[in-house]
Amino acid sequence: MHELIDYIQSYLDPRVTTTPGAAGNIFWATVYILLVFGGLSVAVIAMNWLERKILAHMQVRLGPMRVGPHGLLQPIADAIKLLLKEDIIPAEADAFIFWIAPFMVVLAAFTVFVVVPFGPTHAITDMNIGILFMLGVSSLSVLGIVMAGWASNSHYPLIGALRSSAQMVSYEVAMGLAVLSVILLTSLQGSGLGLYGIGATNPQAYGTLSMIGIVQAQQEQGVWFIFKFFPLGLVGFFIFAIAMVAETNRAPFDLPEAESELTAGFHTEYSGFRWSLFFLAEYSAMIAVSSIAVTLWLGGWLRPFPNALSGPTWDLVFSLIPGISFLLLAAMCFYNVARMPKHPLFKIQTMGLAGFGAVLGLIGLVMFIPAVRDRVNDVFWFAAKVAGFMYLYIWYRGTFPRYRFDQLMKVGWKILLPMGLALLILTAAMGMRTELWAQFQEVVHGL
Amino acid sequence: MIAKLKGKYGSGVEPLTYLGQNYMIVDRSLIPEILQVLHNEEQFDYCVDITAVHYPKREKQFDVIWVLYSFARNERIRVTARIADGESIPSSVPIWATANWLEREVFDMFGIKFDGHPDMKRILLPDGWKGHPLRKDYGILQQDNEWVQINLGIESGQ
Amino acid sequence: MNPVATPFFFYLLAGTMIIGGILVITRKNAVHSALALITTLLAQAALYLMLYAPFVAGVQIILYAGGIMVLFLFVIMLISIERAAKERQFNKQWLVGIVAAAALGGLFITIYTTTTKGKELFPEGRMTYGESQNTQQIAALLFDRGAGQYMFAFEIASLLLLVAIIGAVVMAKKRI
Amino acid sequence: MTDPTSLSPPSLETHVEAHEKTFLDANELVINMGPQHPATHGVLRVILRLDGEKVMGLECVIGYLHRGVEKIAEHRTYTMFNPYVDRMDYVAAVSNGLGYCETVEKLLNVEAPPRAQYVRVILTELNRMASHQLWLGTHALDIGAITPLFYTFRDREEILKIFEKYCGARLTTHAFRIGGLQYETYEGFEKEVKAFIKFVRPKIDEYEELLTTNRIWLERTKGVGVISGKDAIALGVTGPVLRASGVKWDIRKALPYANYKNFDFDIPTGQNGDTYDRYIVRMAEFRQSLRIIEQAVDNIPEGPIMAKVPKVIKPPVGEVYHSIEAPKGELGYFIVSDGSTQPYRIRVRPPSFVNLQALDVMCRGQLVADVIAVIGTLDIVLGEVDR
Numbered sequence: 078m079h080e081l082i083d084y085i086q087s088y089l090d091p092r093v094t095t096t097p098g099a100a101g102n103i104f105w106a107t108v109y110i111l112l113v114f115g116g117l118s119v120a121v122i123a124m125n126w127l128e129r130k131i132l133a134h135m136q137v138r139l140g141p142m143r144v145g146p147h148g149l150l151q152p153i154a155d156a157i158k159l160l161l162k163e164d165i166i167p168a169e170a171d172a173f174i175f176w177i178a179p180f181m182v183v184l185a186a187f188t189v190f191v192v193v194p195f196g197p198t199h200a201i202t203d204m205n206i207g208i209l210f211m212l213g214v215s216s217l218s219v220l221g222i223v224m225a226g227w228a229s230n231s232h233y234p235l236i237g238a239l240r241s242s243a244q245m246v247s248y249e250v251a252m253g254l255a256v257l258s259v260i261l262l263t264s265l266q267g268s269g270l271g272l273y274g275i276g277a278t279n280p281q282a283y284g285t286l287s288m289i290g291i292v293q294a295q296q297e298q299g300v301w302f303i304f305k306f307f308p309l310g311l312v313g314f315f316i317f318a319i320a321m322v323a324e325t326n327r328a329p330f331d332l333p334e335a336e337s338e339l340t341a342g343f344h345t346e347y348s349g350f351r352w353s354l355f356f357l358a359e360y361s362a363m364i365a366v367s368s369i370a371v372t373l374w375l376g377g378w379l380r381p382f383p384n385a386l387s388g389p390t391w392d393l394v395f396s397l398i399p400g401i402s403f404l405l406l407a408a409m410c411f412y413n414v415a416r417m418p419k420h421p422l423f424k425i426q427t428m429g430l431a432g433f434g435a436v437l438g439l440i441g442l443v444m445f446i447p448a449v450r451d452r453v454n455d456v457f458w459f460a461a462k463v464a465g466f467m468y469l470y471i472w473y474r475g476t477f478p479r480y481r482f483d484q485l486m487k488v489g490w491k492i493l494l495p496m497g498l499a500l501l502i503l504t505a506a507m508g509m510r511t512e513l514w515a516q517f518q519e520v521v522h523g524l
Numbered sequence: 002m003i004a005k006l007k008g009k010y011g012s013g014v015e016p017l018t019y020l021g022q023n024y025m026i027v028d029r030s031l032i033p034e035i036l037q038v039l040h041n042e043e044q045f046d047y048c049v050d051i052t053a054v055h056y057p058k059r060e061k062q063f064d065v066i067w068v069l070y071s072f073a074r075n076e077r078i079r080v081t082a083r084i085a086d087g088e089s090i091p092s093s094v095p096i097w098a099t100a101n102w103l104e105r106e107v108f109d110m111f112g113i114k115f116d117g118h119p120d121m122k123r124i125l126l127p128d129g130w131k132g133h134p135l136r137k138d139y140g141i142l143q144q145d146n147e148w149v150q151i152n153l154g155i156e157s158g159q
Numbered sequence: 017m018n019p020v021a022t023p024f025f026f027y028l029l030a031g032t033m034i035i036g037g038i039l040v041i042t043r044k045n046a047v048h049s050a051l052a053l054i055t056t057l058l059a060q061a062a063l064y065l066m067l068y069a070p071f072v073a074g075v076q077i078i079l080y081a082g083g084i085m086v087l088f089l090f091v092i093m094l095i096s097i098e099r100a101a102k103e104r105q106f107n108k109q110w111l112v113g114i115v116a117a118a119a120l121g122g123l124f125i126t127i128y129t130t131t132t133k134g135k136e137l138f139p140e141g142r143m144t145y146g147e148s149q150n151t152q153q154i155a156a157l158l159f160d161r162g163a164g165q166y167m168f169a170f171e172i173a174s175l176l177l178l179v180a181i182i183g184a185v186v187m188a189k190k191r192i
Numbered sequence: 003m004t005d006p007t008s009l010s011p012p013s014l015e016t017h018v019e020a021h022e023k024t025f026l027d028a029n030e031l032v033i034n035m036g037p038q039h040p041a042t043h044g045v046l047r048v049i050l051r052l053d054g055e056k057v058m059g060l061e062c063v064i065g066y067l068h069r070g071v072e073k074i075a076e077h078r079t080y081t082m083f084n085p086y087v088d089r090m091d092y093v094a095a096v097s098n099g100l101g102y103c104e105t106v107e108k109l110l111n112v113e114a115p116p117r118a119q120y121v122r123v124i125l126t127e128l129n130r131m132a133s134h135q136l137w138l139g140t141h142a143l144d145i146g147a148i149t150p151l152f153y154t155f156r157d158r159e160e161i162l163k164i165f166e167k168y169c170g171a172r173l174t175t176h177a178f179r180i181g182g183l184q185y186e187t188y189e190g191f192e193k194e195v196k197a198f199i200k201f202v203r204p205k206i207d208e209y210e211e212l213l214t215t216n217r218i219w220l221e222r223t224k225g226v227g228v229i230s231g232k233d234a235i236a237l238g239v240t241g242p243v244l245r246a247s248g249v250k251w252d253i254r255k256a257l258p259y260a261n262y263k264n265f266d267f268d269i270p271t272g273q274n275g276d277t278y279d280r281y282i283v284r285m286a287e288f289r290q291s292l293r294i295i296e297q298a299v300d301n302i303p304e305g306p307i308m309a310k311v312p313k314v315i316k317p318p319v320g321e322v323y324h325s326i327e328a329p330k331g332e333l334g335y336f337i338v339s340d341g342s343t344q345p346y347r348i349r350v351r352p353p354s355f356v357n358l359q360a361l362d363v364m365c366r367g368q369l370v371a372d373v374i375a376v377i378g379t380l381d382i383v384l385g386e387v388d389r
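Chains as they are written, first to last, in the numbering used here: chain C, 78 to 524; chain W, 2 to 159; chain U, 17 to 192; chain S, 3 to 389.
It should be emphasised that the hints constitute simulated quantities derived from the structure, not laboratory data. Just so we're clear, the structure is a prediction, and the values are computed from it rather than from any experiment. Beta carbons are placed, not taken as given, at the ideal position from N, Cα and C, and that holds for glycine. Hints may be right or wrong, so weigh each one.
Claimed, not checked - Short derived list, chain W residues pointing at chain S, Cβ under 10 angstroms:
id: 1; residue: Gln22
id: 2; residue: Asp28
id: 3; residue: Leu31
id: 4; residue: Lys61
id: 5; residue: Ala98
id: 6; residue: Glu106
id: 7; residue: Phe108
id: 8; residue: Ile124
id: 9; residue: Pro134
id: 10; residue: Asp145
id: 11; residue: Val149
id: 12; residue: Gln150
id: 13; residue: Ile151
id: 14; residue: Leu153
id: 15; residue: Ile155
Take these sequences, add in the hints, and give me the full structure.
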């Protein structure tokens, strides 16, 4: 018990600079695991509601409005329905694999979050091979999909699974190249240093695969990698942004689940709880790849405009934004409370919405407390950036038709892959430009 | 054109007009030849419809009717052949591809067989169905109860 | 970071690997075999982690479990399993196989126990590589200007793979 | 010229045989699509033979919605059968009614009075737009764009409101009677139609904005489901599908019925006969329909709305074939009268049924995803295919 208190105190000390996992602090690691996975589940539920609402408003309709005020309780109703539904295993299916496949997909999608850095100290652990681990584990989810498709013993799931595996394996290549270009950039510590310390005074300036290290590199270099070597960083970001949509099987690359062609793709035969696991996995995979993109290109937990608006005053202003945005949400809730129809039937709904607004407002107020403010700020900016990606996902879905399979492959292999290779070479050349220039001049002098 | 055909085939072709619509009654034996001529020489390149009518009291019970249209002449014509029950008629699939399903429907509804059709089977009704519903002796409430019982597992479809 | 319950995890992972390996060769259903193989490979990745080789572990997951096994499954699924399962799968060479395996195992044991060089390959005690620098060390070993020894071999290996890919395409496709 | 037998759809047996032969041959696969499938627009069953994802051939199995409309007709009087035709192509019920009424009028040798003709044209063209809107929404949905569906349904609602106000029904309208119209137009009919024209013009641009230049849409539709004009004629394909293949043929111009000859409009055509051209042709037809409605609504004459038709309709003995340009193609009625109050035989020449036959030719060598696109672009209604 005494040790436990020590643990807690040790982490609450503001001088702590390392993640609980890396510090070997099992208590805090456990707390973080629970926090991250609890938060993830809440995020998936929130995404469910948001996707339906945003998509509905894009399509001139209202979306869920019945369960709770503005359908706020709809995802919970859905979850209860799914859990109570009969869990059917087709007679001809391979029962064991059919049973284990969804768990495998969920496991892969969740394990990834072990290394996601929500802040310099807000991560379960900091791995030396962080990004490699993320790519590797998220590529395992394709195994689950393939197993699900095969075990269903039915044509549509099989074709869905085949498409899915081909698609994910193809886009991983382009994705990997884009990621590599960022890893090259991380070795450019400070200005004037060459790639991987070549031509530098300190030859040990290696790059890093650690997720936290990548963000710290951006902090040190004073630029988000999306703007580094303009437009090279931007191109890399776009390659990744396209590949990540394909990786997560979302529109316009949602061929494995193309409703009009393959009914529901690899999870056609699944129902109830097991189906909801696929749903959970899909959304958490979306969040996972978005957080990779945010970490690698958008400065992770760093606040926007670190250079233009620097100094302690601006720091303070930016640290107030989380609380203010929650208060804004609360204000929106109260505005809608005022707009609710004044009818006895709507009484409970109105009260519910008001309560929801009150909770949001309270959270906002708590965020103004300095101790909380400093610790939450990183997480807020990270979450805000990821939320931007989530909105993009929904927007894509509302706008684009679906690619055909061969076109999808063409985009992956004939467009993104060559672009990724060129990007890698150009990034390396830019990183070593002083070296190369010197060598070039030497050659010219020799002539 | 009609006169030309009449001159060529004599009594086998009987051209008629009703309400400004041309049609001709053609002897069954002349059917393949006349359709070929209409398609190749008279440019009736679009087979609008193939259908049949059942006259149970007549000796030759069925009228098989081709509705043809020519894009070049902007003209429609109907060709009618009279055949007896159980008699078959040459298929016009080699002339117009569209005849495939139309002939299958005629077979399905009237039981008229088309010789040389690539895939002569029922189209709208299920394969094992008994009876041809558009014949006049097929009652409006009649159905293949046996088929319904075996395939749908219910006593009756009504 | 101090390791927790090292022997327990070692035996757990090693046991998983061996059971997985046995399942790979005994399952009739090719998909089940592939899954057992994946389990083996993942357990092996975990073992690498225990050996303070996170980079190798990561590569093991991304390449073997995530890449090669997906392609394996891809191919297996395209073949009609129900009918393939009925076919006779094993050549009657298990006797030869056992003899060969026993001979190889015997060779390893002999070398390890009799010669001094064999023991040097497996040093006693725990290796003490810094976990946080593992990836960088591998990079240095491969590519560093001064100390890199394996760059040529590495590139040759990738060229070999390229040749293999081209060969496979030529053999599989009659008309390119 | 292509051999017609090679154009006509193959039989199921060829697919089954192929399935039997292909043990361990990783490529060939026979899959069944439907009859319950989200993209077959009803209860259409398609048996596909695939080489990987490439379609080697397919067969449609139809008849799941067969109701024996032609048999029912023989046991109803001419007037009683009128509502039944609405149930065939239920998204273009007004066109069906127009075709039927005109055919019986032809048999009776009467003509609807001019005022009735104008109202008929307005309603039929509105219905053509409603049908095309439904097509656009579902077609885009099949290709993966979900948003156009909601846009088109929002605007189709306005058309249905006009129908509802005119005749009380939205879908199966039974708007016309043999000899003219049952009801006089309601108060403010012209104004509402004009308001609708004004309302829908920018909406059509909105649909086009979403799709016409969308890269993915172009890639999914260009060069997909190509059918040449010659093949289309050989297969009896009509309507926008034929026009997209470059054949400038529209019954409204070629063999004018109602009073279409009084209106000024163009026949939009395509060149390539692919899915994109069919899309473009139908989008252009929206605008042409609006043009026709605009001219008609400005010039509705005063006068009676019913021709002199006896209470009990007993056409003289004879047979007649008459067809109109329905939204989906040539909709023909062949009616044989034996002089009694009931038709001796009514044959409906359904455009969807005949167009669907071309599916096999259009899909051969394409990918599975294209089959979906082609079914969508053919714009079939299973109620009409199966009758």
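Here is what the structure says about each hint:
With 10 angstroms as the threshold, the beta carbon of Gln22/W comes within range of chain S, its nearest partner Cβ sitting at about 6 angstroms, so the hint holds. At its closest, the beta carbon of Asp28/W sits 19 angstroms from a beta carbon of chain S; the interface hint therefore is violated under the 10 angstroms criterion. At about 20 angstroms, the closest approach between the beta carbon of Leu31/W and any beta carbon in chain S exceeds 10 angstroms, and the interface hint on this residue is violated. Checking Lys61/W against chain S by beta carbon gives a least distance of about 16 angstroms; that is not within 10 angstroms, so the hint is violated.
Because the closest C-beta pair between Ala98/W and chain S is about 4 angstroms apart, less than 10 angstroms, the hint holds. Interface restraint check for Glu106/W: the shortest CB-CB distance to chain S comes to about 8 angstroms, inside 10 angstroms, so the restraint holds. For Phe108/W, the interface hint is violated, the least distance from its beta-carbon to any beta-carbon of chain S being 13 angstroms, above 10 angstroms. With a cut of 10 angstroms, the hint placing Ile124/W at the interface with chain S holds, because the nearest CB-to-CB distance is about 6 angstroms.
Taking 10 angstroms as the C-beta cut-off, the interface hint given for Pro134/W holds, the closest approach to chain S being about 5 angstroms. Given the 10 angstroms rule on beta carbons, the hint for Asp145/W is violated: about 13 angstroms separates it from the nearest Cβ of chain S. For the restraint placing Val149/W at the interface with chain S, the shortest Cβ-Cβ distance is roughly 14 angstroms, beyond the 10 angstroms limit, so the hint is violated. For the restraint placing Gln150/W at the interface with chain S, the shortest Cβ-Cβ distance is roughly 19 angstroms, beyond the 10 angstroms limit, so the hint is violated.
With its C-beta approaching chain S no nearer than about 17 angstroms, Ile151/W sits outside the 10 angstroms limit, and its interface hint is violated. This hint is violated: Leu153/W has a C-beta 13 angstroms from the nearest C-beta of chain S, more than the 10 angstroms allowed. Contact between Ile155/W and chain S, as hinted, is not supported at the beta carbon level, the nearest pair being about 16 angstroms apart and thus beyond 10 angstroms.
This entry does not satisfy hints 2, 3, 4, 7, 10, 11, 12, 13, 14 and 15, going by the numbered hints stated previously.
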